[in-house]
Amino acid sequence: MIGLESEKVMLSEYDKEWISHYESESKVIKNALGEMVIDIQHIGSTSVVGLKAKPIIDILVGIENFDKIDEVIKKMETMGYTYAHWAGIPGDYTFRKGEVTTHLIHVVKYGKINWNHNIKFRDALRNNPDLVKQYEELKEKLAKEYPDSREKYTEGKSKFVVDVVKMEN
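Using my numbering, read the sequence shown as starting at 662 and increasing by one per residue.
Since the hints were made in silico from the structure, they are not lab data.
Please note: incorrect hints may appear among the correct ones.
Unchecked claim - EDC-like mimics (lysine to aspartate or glutamate), calculated; alpha carbons at most 20 angstroms apart, straight line:
id: 1; residue 1: Lys713; residue 2: Glu666
id: 2; residue 1: Lys805; residue 2: Glu684
id: 3; residue 1: Lys688; residue 2: Glu674
id: 4; residue 1: Lys813; residue 2: Asp824
id: 5; residue 1: Lys729; residue 2: Glu760
id: 6; residue 1: Lys770; residue 2: Glu696
id: 7; residue 1: Lys802; residue 2: Glu668
id: 8; residue 1: Lys827; residue 2: Glu760
id: 9; residue 1: Lys827; residue 2: Glu816
id: 10; residue 1: Lys669; residue 2: Glu684
id: 11; residue 1: Lys794; residue 2: Asp809
id: 12; residue 1: Lys794; residue 2: Glu829
id: 13; residue 1: Lys677; residue 2: Asp824
id: 14; residue 1: Lys736; residue 2: Glu684
id: 15; residue 1: Lys802; residue 2: Asp791
id: 16; residue 1: Lys818; residue 2: Asp791
id: 17; residue 1: Lys773; residue 2: Asp728
id: 18; residue 1: Lys688; residue 2: Asp700
id: 19; residue 1: Lys813; residue 2: Glu668
id: 20; residue 1: Lys770; residue 2: Glu798
id: 21; residue 1: Lys669; residue 2: Glu829
id: 22; residue 1: Lys691; residue 2: Glu668
id: 23; residue 1: Lys770; residue 2: Glu806
id: 24; residue 1: Lys773; residue 2: Asp700
id: 25; residue 1: Lys735; residue 2: Glu760
id: 26; residue 1: Lys794; residue 2: Glu668
id: 27; residue 1: Lys669; residue 2: Glu696
id: 28; residue 1: Lys813; residue 2: Glu686
id: 29; residue 1: Lys781; residue 2: Glu816
id: 30; residue 1: Lys736; residue 2: Glu725
id: 31; residue 1: Lys729; residue 2: Asp700
id: 32; residue 1: Lys813; residue 2: Glu829
id: 33; residue 1: Lys770; residue 2: Glu732
id: 34; residue 1: Lys713; residue 2: Asp753
id: 35; residue 1: Lys773; residue 2: Glu806
id: 36; residue 1: Lys736; residue 2: Glu686
id: 37; residue 1: Lys713; residue 2: Glu738
Stated by the list, open to error - Here are the computed distance ranges between Cβ atoms for each label pair:
id: 38; residue 1: Lys802; residue 2: Asp731; range: 21 to 29 angstroms
id: 39; residue 1: Asp791; residue 2: Ser673; range: 37 to 45 angstroms
id: 40; residue 1: Asn788; residue 2: Glu674; range: 15 to 23 angstroms
All values reported here derive from a predicted model rather than from experimental measurement.
C-beta atoms are modelled at their ideal positions from N, C-alpha and C, and glycine is treated no differently.
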């Protein structure tokens, strides 16, 4: 099962169905955005086998530039996504699906900093079981501390994420 109420933080045991949810949604996005899409990747904790995660599928969509971002926003909204302009991540157009959020889509410039950062972090976790254990322990601690603040939960993970990405450079 996927989906989590806005602002809530709850971790679920890894579910192999998360891969299927990613695969089906990424096809829908690719079909809707067409040639604008260079690559689509499953990111976030649901993309790492064995890692507990919020049951929300994170998808990274790489495009060449933001010249057609208004068209991207309209097409995403047509598919039931809300543009999360409040997310405030420079160079990352974030979209969420559903009142109970099931998917978060990050539209970024392919091969640039936000793309590379997300891919490096995901790959580091996929390739290092010790790192997964450390990250999961941190996530569990933060989920207990901030069950109603996704912002504080995310802030609490940021140093770990930055350190891992630096280590991968």
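Verification of the supplied hints:
Annotation: proposed proximity of Lys713 to Glu666 holds, straight-line Cα distance about 17 angstroms (limit 20 angstroms). For the hint linking Lys805 to Glu684, the alpha-carbon distance of about 31 angstroms lies beyond 20 angstroms, and the restraint is violated. Using a Cα cut-off of 20 angstroms, the hinted pair Lys688 and Glu674 is violated, with the two alpha carbons roughly 25 angstroms apart. Taking the CA atoms of Lys813 and Asp824, the gap is near 18 angstroms; set against the 20 angstroms cutoff, the hint holds.
Between Lys729 and Glu760, the direct Cα distance comes to roughly 26 angstroms. Violation of the 20 angstroms bound is thereby established for this hinted pair. Only pairs whose Cα atoms come within 20 angstroms are accepted, and Lys770 paired with Glu696 is accepted, the gap being roughly 14 angstroms. Distance restraint check for Lys802 and Glu668: the Cα-Cα separation of roughly 17 angstroms lies within the 20 angstroms cut-off, and the hinted pair is therefore satisfied. For the hint linking Lys827 to Glu760, the alpha-carbon distance of about 35 angstroms lies beyond 20 angstroms, and the restraint is violated.
Between Lys827 and Glu816 the alpha-carbon distance is near 17 angstroms, which keeps this suggested pair within the 20 angstroms criterion. For the hint linking Lys669 to Glu684, the alpha-carbon distance of about 25 angstroms lies beyond 20 angstroms, and the restraint is violated. A hinted pair counts as satisfied when its Cα atoms are at most 20 angstroms apart, and Lys794 with Asp809 does not qualify at roughly 24 angstroms. This hinted pair checks out: Lys794 and Glu829 have alpha carbons roughly 17 angstroms apart, not beyond 20 angstroms.
Taking the CA atoms of Lys677 and Asp824, the gap is near 28 angstroms; set against the 20 angstroms cutoff, the hint is violated. Between Lys736 and Glu684 the CA atoms are separated by roughly 19 angstroms; this keeps the pair inside 20 angstroms, and the hint holds. For the suggested pair Lys802 and Asp791, the alpha carbons sit about 17 angstroms apart, so the restraint of at most 20 angstroms is met. Between the alpha carbons of Lys818 and Asp791 the distance comes to roughly 16 angstroms, so the proposed pair stays at or under 20 angstroms and holds.
A threshold of 20 angstroms between alpha carbons decides the hint, and for Lys773 with Asp728 the separation of about 15 angstroms falls inside it, so the pair holds. Restraint check for Lys688 and Asp700: satisfied, since their Cα atoms lie roughly 11 angstroms apart, inside the 20 angstroms limit. For the suggested pair Lys813 and Glu668, the alpha carbons sit about 10 angstroms apart, so the restraint of at most 20 angstroms is met. Between the alpha carbons of Lys770 and Glu798 the distance comes to roughly 32 angstroms, so the proposed pair goes past 20 angstroms and is violated.
Note on Lys669 and Glu829: the hinted pairing is violated, with a Cα-Cα distance of about 31 angstroms set against a maximum of 20 angstroms. Taking the CA atoms of Lys691 and Glu668, the gap is near 28 angstroms; set against the 20 angstroms cutoff, the hint is violated. For the suggested pair Lys770 and Glu806, the alpha carbons sit about 34 angstroms apart, so the restraint of at most 20 angstroms is broken. Simply put, Lys773 and Asp700 have alpha-carbon atoms about 13 angstroms apart, close enough for the 20 angstroms limit, and the pair holds.
Pair hint Lys735 plus Glu760 holds up; C-alpha atoms about 18 angstroms apart against a cutoff of 20 angstroms. Between the alpha carbons of Lys794 and Glu668 the distance comes to roughly 24 angstroms, so the proposed pair goes past 20 angstroms and is violated. Between Lys669 and Glu696 the alpha-carbon distance is near 35 angstroms, which puts this suggested pair outside the 20 angstroms criterion. Distance hint between Lys813 and Glu686 is unfulfilled; the C-alpha atoms sit about 28 angstroms from each other, more than 20 angstroms.
A distance of roughly 19 angstroms separates the Cα atoms of Lys781 and Glu816; the hinted pair therefore holds under the 20 angstroms criterion. Our distance criterion of 20 angstroms between C-alpha atoms is met by Lys736 and Glu725, whose separation comes to about 17 angstroms. Our distance criterion of 20 angstroms between C-alpha atoms is met by Lys729 and Asp700, whose separation comes to about 16 angstroms. Our distance criterion of 20 angstroms between C-alpha atoms is broken by Lys813 and Glu829, whose separation comes to about 25 angstroms.
Between Lys770 and Glu732, the direct Cα distance comes to roughly 15 angstroms. Compliance with the 20 angstroms bound is thereby established for this hinted pair. For the proposed pair Lys713 and Asp753, the alpha carbon gap of about 24 angstroms is over 20 angstroms, so the pair is violated. Using a Cα cut-off of 20 angstroms, the hinted pair Lys773 and Glu806 is violated, with the two alpha carbons roughly 33 angstroms apart. Restraint check for Lys736 and Glu686: satisfied, since their Cα atoms lie roughly 14 angstroms apart, inside the 20 angstroms limit.
Between Lys713 and Glu738, the direct Cα distance comes to roughly 29 angstroms. Violation of the 20 angstroms bound is thereby established for this hinted pair. Judged by the Cβ atoms, the range 21 to 29 angstroms given for Lys802 and Asp731 is violated: they are separated by roughly 41 angstroms. Here the CB-CB span from Asp791 to Ser673 is close to 22 angstroms, at odds with the stated 37 to 45 angstroms. Taken as a hint, the range 15 to 23 angstroms holds for the pair Asn788 and Glu674, whose Cβ atoms sit roughly 21 angstroms apart.
Figure legend: structure checked against the earlier numbered hints; hints not met, in rising order: 2, 3, 5, 8, 10, 11, 13, 20, 21, 22, 23, 26, 27, 28, 32, 34, 35, 37, 38 and 39.
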